[in-house]
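Chemist: If you read the sequences in order, they're chains P and L.
Just so we're aligned, residue 1 is where the first sequence starts under my numbering, counting upward by one.
Just so we're aligned, residue 1 is where the second sequence starts under my numbering, counting upward by one.
Do not rely on the hints blindly, as some may be mistaken.
Cβ-Cβ distance ranges computed for the label pairs, FRET-style [stated by the list, open to error]:
1) Lys48(P) with Asp292(L): 28 to 34 Å
2) Thr174(L) with Asp177(P): 53 to 59 Å
3) Gln383(P) with Gln186(L): 48 to 54 Å
4) Asn124(P) with Asn2(L): 15 to 21 Å
Here are some of the chain P residues that sit facing chain L, going by a computed Cβ distance under 8 Å [said to hold, decoys possible]:
5) Ala22
6) His26
7) Gly147
8) Thr275
9) Ala279
10) Val363
11) Gly414
12) Ala418
Hint data in this document are derived by calculation from the structure and do not stem from the laboratory.
From the three backbone atoms N, C-alpha and C, an ideal C-beta is built for every residue, glycine too.
Next come the chains, spelled out residue by residue.
There are 2 protein chains.
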Amino acid sequence: MNKPLRIGIAGLGTVGTGVVQALRQHGDLIAARAGRRIEIAAVAARDKKKKRDVDLSSYRWVDDAAALAKDKDIDAVVELIGGAEGPARALVENALDNGKTVVTANKALLAHHGYDLAQRAERNGTTLFYEASAAGGIPIIKALREGFAGNEIRAVYGILNGTCNYILTEMRETGRDFAAVLKDAQDKGYAEADPATDIDGIDAAHKLCILGTLAFGIRPEIGRVRTAGISAVTAADIAHATELGYRIKLLGIAQRHDDGSVVQSVEPCLVPVGTTIGAVEGVFNAVLVEGDFAGNNLSVGRGAGRGPTASAVVADLVDCAQGLKRPVFGIAAAQMKPAKWADPGAAAGHFYIHFIVKDRPGVLADIAAVMRDNDVSIESVLQRGRNPENPVSIVMTTHHAKRAAIDAACAQIGKLKAITGKPCLMRIETF
Amino acid sequence: MNKPLRIGIAGLGTVGTGVVQALRQHGDLIAARAGRRIEIAAVAARDKKKKRDVDLSSYRWVDDAAALAKDKDIDAVVELIGGAEGPARALVENALDNGKTVVTANKALLAHHGYDLAQRAERNGTTLFYEASAAGGIPIIKALREGFAGNEIRAVYGILNGTCNYILTEMRETGRDFAAVLKDAQDKGYAEADPATDIDGIDAAHKLCILGTLAFGIRPEIGRVRTAGISAVTAADIAHATELGYRIKLLGIAQRHDDGSVVQSVEPCLVPVGTTIGAVEGVFNAVLVEGDFAGNNLSVGRGAGRGPTASAVVADLVDCAQGLKRPVFGIAAAQMKPAKWADPGAAAGHFYIHFIVKDRPGVLADIAAVMRDNDVSIESVLQRGRNPENPVSIVMTTHHAKRAAIDAACAQIGKLKAITGKPCLMRIETF
Numbered sequence: 001m002n003k004p005l006r007i008g009i010a011g012l013g014t015v016g017t018g019v020v021q022a023l024r025q026h027g028d029l030i031a032a033r034a035g036r037r038i039e040i041a042a043v044a045a046r047d048k049k050k051k052r053d054v055d056l057s058s059y060r061w062v063d064d065a066a067a068l069a070k071d072k073d074i075d076a077v078v079e080l081i082g083g084a085e086g087p088a089r090a091l092v093e094n095a096l097d098n099g100k101t102v103v104t105a106n107k108a109l110l111a112h113h114g115y116d117l118a119q120r121a122e123r124n125g126t127t128l129f130y131e132a133s134a135a136g137g138i139p140i141i142k143a144l145r146e147g148f149a150g151n152e153i154r155a156v157y158g159i160l161n162g163t164c165n166y167i168l169t170e171m172r173e174t175g176r177d178f179a180a181v182l183k184d185a186q187d188k189g190y191a192e193a194d195p196a197t198d199i200d201g202i203d204a205a206h207k208l209c210i211l212g213t214l215a216f217g218i219r220p221e222i223g224r225v226r227t228a229g230i231s232a233v234t235a236a237d238i239a240h241a242t243e244l245g246y247r248i249k250l251l252g253i254a255q256r257h258d259d260g261s262v263v264q265s266v267e268p269c270l271v272p273v274g275t276t277i278g279a280v281e282g283v284f285n286a287v288l289v290e291g292d293f294a295g296n297n298l299s300v301g302r303g304a305g306r307g308p309t310a311s312a313v314v315a316d317l318v319d320c321a322q323g324l325k326r327p328v329f330g331i332a333a334a335q336m337k338p339a340k341w342a343d344p345g346a347a348a349g350h351f352y353i354h355f356i357v358k359d360r361p362g363v364l365a366d367i368a369a370v371m372r373d374n375d376v377s378i379e380s381v382l383q384r385g386r387n388p389e390n391p392v393s394i395v396m397t398t399h400h401a402k403r404a405a406i407d408a409a410c411a412q413i414g415k416l417k418a419i420t421g422k423p424c425l426m427r428i429e430t431f
Numbered sequence: 001m002n003k004p005l006r007i008g009i010a011g012l013g014t015v016g017t018g019v020v021q022a023l024r025q026h027g028d029l030i031a032a033r034a035g036r037r038i039e040i041a042a043v044a045a046r047d048k049k050k051k052r053d054v055d056l057s058s059y060r061w062v063d064d065a066a067a068l069a070k071d072k073d074i075d076a077v078v079e080l081i082g083g084a085e086g087p088a089r090a091l092v093e094n095a096l097d098n099g100k101t102v103v104t105a106n107k108a109l110l111a112h113h114g115y116d117l118a119q120r121a122e123r124n125g126t127t128l129f130y131e132a133s134a135a136g137g138i139p140i141i142k143a144l145r146e147g148f149a150g151n152e153i154r155a156v157y158g159i160l161n162g163t164c165n166y167i168l169t170e171m172r173e174t175g176r177d178f179a180a181v182l183k184d185a186q187d188k189g190y191a192e193a194d195p196a197t198d199i200d201g202i203d204a205a206h207k208l209c210i211l212g213t214l215a216f217g218i219r220p221e222i223g224r225v226r227t228a229g230i231s232a233v234t235a236a237d238i239a240h241a242t243e244l245g246y247r248i249k250l251l252g253i254a255q256r257h258d259d260g261s262v263v264q265s266v267e268p269c270l271v272p273v274g275t276t277i278g279a280v281e282g283v284f285n286a287v288l289v290e291g292d293f294a295g296n297n298l299s300v301g302r303g304a305g306r307g308p309t310a311s312a313v314v315a316d317l318v319d320c321a322q323g324l325k326r327p328v329f330g331i332a333a334a335q336m337k338p339a340k341w342a343d344p345g346a347a348a349g350h351f352y353i354h355f356i357v358k359d360r361p362g363v364l365a366d367i368a369a370v371m372r373d374n375d376v377s378i379e380s381v382l383q384r385g386r387n388p389e390n391p392v393s394i395v396m397t398t399h400h401a402k403r404a405a406i407d408a409a410c411a412q413i414g415k416l417k418a419i420t421g422k423p424c425l426m427r428i429e430t431f
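Next up, chain P with everything else stripped away, as it sits in the complex (with noise of 0.2 Å):
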């Protein structure tokens, strides 16, 4: 058997010691199917002392991780440590340039800076491994790197975000309001102290600008996903979706129009309660690739947690240990060509709006003579609660329309005197 490739891991929390585990656990068999076997020669993180639940002491620790970079004894470098700039940054830009290979799970380093480290890891003869930067249960940066290669992709839907999707399920399931469900999800550890990544939708458009990157051939440029959560989501929404036949979710979508002009979202949608993604629940993850030659591809498949991301971690160090050495983003960075930006306004489709108004008579009539007006065609009406002392809620969903032509019959109703707060608008998004 060839000689074994030899790793540094940098971070040593949930995924850190999971990739340690796995690789300890399964040494034979990730040795058959690398072709040779896979060695931990140093191990990094900011404090040995720490409580781990596996046994490093077998391995040689280093103090700074970002000595691993120049380490002679090291093929490939893990950077496990997180975060768009500082020592992960460092790690993998010096890592690169000493010409190691790079493992990460890193999707905001990526999102960032994806573009300059693909030329950078080409300058050097070597590549950046990132299966674990999203959706780590489902190798997808493999299937649109690799085997979506014959298609022009036309679209990349995902679930991206299990902390986001288990609120909405708990919500749906149990009737909750947000709040609510949020504070039980944190006292279970489904979702951080400090949650604004997960739930304003950061996290998920990390994820997204990646795959939207690989999926088009385009540089990556975090800065033109625009981001929504779903703090806003209420479970009034939630109960009136429900009605409708839909389920919300926050979808990370990437589209690429006829023109070649390229649009890239996070924000909740409706999506029908029949489908397979509308049937993907709780921590999941899900991907929905639209190949011109493969048709509509739908994966499904834990996002997060020490497991999957250890399993996307070994995938990329068994591809590394078998010479794979793909560009990053699957062409040549020089072929990487900056994306033409879509009119976000121009994007036409179905809707779902919300309005809660003061119960008057001669309201729907106002808010229905403003969506003729600006041209918008409406589908079914829901008036749910009658009752003149407090306000109650008129749901829509429009036919096909422009999302230019939404947002100013939006604006105009929301001047309407019977209407109380802001309307809440999301897409419908069919497949």
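Following the hints, complete the assembly by docking chain L onto the known chain P.
Modeler: Just chain L, lined up with the frame of chain P:
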């Protein structure tokens, strides 16, 4: 850019012309992903005059596909002739013996001769790609060979035949019987004039055999896949399953028990309505992989047809152009061990049983007594129709029970005087 990959395509039916079309339509895109151009050096088929919707006049025509195996102008042979023996087998063997890479969509060939071909490829320093052999629109071969390389795979479940899934979906949606729906599917071109390979589960068994081989690192033995088709599934069974909250799917199942023994089968099974796999309808295929680190992963996509199959063939060609040279089944042939086959009777689970009985007092009591005597615990019972003149249905689902016990109970019950016809027994799979 590197020198082109020169390919010869043998077989110019739906898939072969689809591959030509993809390579032509996406030539630049595919070259960017492959790192070099993929050029068609020759095409071969039985009948040059056959009308095809792709212009082949610019390619060298070879009358005898066998000649491609030693064609000096060809790096890779694409075998799209089909069949486990005859010209397809001869071409693939000779091409490998001549050190050429082979790309094939031939599931029967792989299921029957996979181990020999793996050895042959290795002996000649080349390899064989077969992404198109199972669930073309889902890159599942790559996922099992590479994406889940860090996992011990516990099980693979698949809806692997689009014709069967289409028929079962139509039966449910229209309430019609198998024969009527099959006839209709044949008229529409969704089922072959000779449908046996599809409806008897043979096609699905070939595919499952390949997936099980990859998942468990065993030698393929198509004879060890217990295979039953869908022709015995009645409209009544489908209605009962729906009433109980299930869908009927022709499921391929490959499972690895804790003792390392393996069991493989293809048979109609009940799966819960609310699950993602239960939502896979019509011609779609789905594969569920249970990895010990990744967890459960379900992929849904188109299984057959021109576009999806061409997509899979081109992905293999891109891998080939990139110089990927993994062993055929992901591990060296010498490491592929003969499977230890589990006793199918030892398998346990929940079951659905449908008896047709004469409507006499005490029938249910008699059936229940036999069940009890065989240690099978009943979970639910439906008795449908009250009609002393005609046979009526008794449908039951069991709690967790051994297959051998169920089989014994059914055999005894079959001998009861009130029972007419053979009971219909199906597994319930809940994942």
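Chemist: Would you mind marking each hint as holding or not holding in the structure?
Modeler: These are the hints, each one checked on the structure:
1. Look at Lys48(P) against Asp292(L): about 29 Å separates their beta carbons, and that is inside 28 to 34 Å.
2. A hinted range of 53 to 59 Å is violated for the C-beta pair Thr174(L) and Asp177(P), which are about 42 Å apart.
3. Distance hint check for Gln383(P) and Gln186(L): the Cβ-Cβ separation is about 49 Å, which falls inside the suggested range of 48 to 54 Å.
4. Evaluation of the 15 to 21 Å hint for Asn124(P) and Asn2(L) yields a pass: the beta carbon distance comes to about 19 Å.
5. The interface hint given for Ala22(P) is met, as the beta carbon of that residue sits about 5 Å from the closest beta carbon of chain L, less than 8 Å.
6. For His26(P), the shortest C-beta to C-beta distance to chain L is roughly 6 Å, which falls under 8 Å, so the interface hint holds.
7. Because the smallest distance between the Cβ of Gly147(P) and any Cβ of chain L comes to about 3 Å, under 8 Å, the interface hint for this residue holds.
8. Interface hint at Thr275(P): satisfied, since its Cβ lies 6 Å from the closest Cβ of chain L, which is below the 8 Å cut-off.
9. A cut of 8 Å between beta carbons decides the hint on Ala279(P): the least distance to chain L is about 5 Å, and the hint holds.
10. A least Cβ separation of about 37 Å between Val363(P) and chain L goes past the 8 Å threshold, and the interface hint is therefore violated.
11. Among the interface hints, the one on Gly414(P) is violated; its C-beta lies about 37 Å from the nearest C-beta in chain L, farther than the 8 Å criterion.
12. Checking Ala418(P) against chain L by beta carbon gives a least distance of about 40 Å; that is not within 8 Å, so the hint is violated.
Checked against the numbered hints above, the structure breaks hints 2, 10, 11, 12 and satisfies the rest.
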